[in-house]
Amino acid sequence: MQLLILFITGLAAGLLSGMFGVGGGVIIVPALVFFFGMSQQTASATSLMALLLPVGLLGVYEYYQSGKITTEHMWFGLVIALGLFAGAFFGAKLAIELSSDLLRRMFAFFLVLVAIRLWY
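Our numbering puts the sequence shown at residues 1 to 120.
Please note: incorrect hints may appear among the correct ones.
Derived CB-CB ranges, DEER-like [stated by the list, open to error]:
#, residue 1, residue 2, range
1, Phe35, Leu94, 23 to 29 Å
2, Phe76, Asp101, 33 to 39 Å
3, Trp75, Ile5, 35 to 41 Å
4, Met74, Ser100, 34 to 40 Å
Worth flagging that the hints you see were computed from the coordinates, not collected in a lab. Glycine residues also receive a C-beta, built at the ideal position from the N, C-alpha and C atoms.
Generate the whole structure from the sequences, applying the supplied hints.
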């Protein structure tokens, strides 16, 4: 049953990432906390590991093949990736120092802000 829940979580995250370009962590992290009782830090780290290959390479390949992005857009993405590289490193360091409860509340607040911004 756990494998099925993990697979469905990944499927949902992949669909949303592919359709909307959102980070799969928006789906994966809450699922790992809720269904598997992981701490916020453990769920975040697990989500990052899960997203390494499939979201980036396969998603970009499909968009490139369909002509939706050009090599110029890929350069934009690579520059953003440099910022992500540094941000993920320092974000992980910060997350380790925070309590799991505070980090979970911060994540929930972030999701609410994103939802409000998208709605209006």
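Okay, the hints, checked on the actual structure:
1. Phe35 <-> Leu94: 23 to 29 Å: Holds, at about 25 Å.
2. Phe76 <-> Asp101: 33 to 39 Å: holds, 37 Å
3. Trp75 <-> Ile5: 35 to 41 Å: holds, 38 Å
4. Met74 <-> Ser100: 34 to 40 Å: holds, 37 Å
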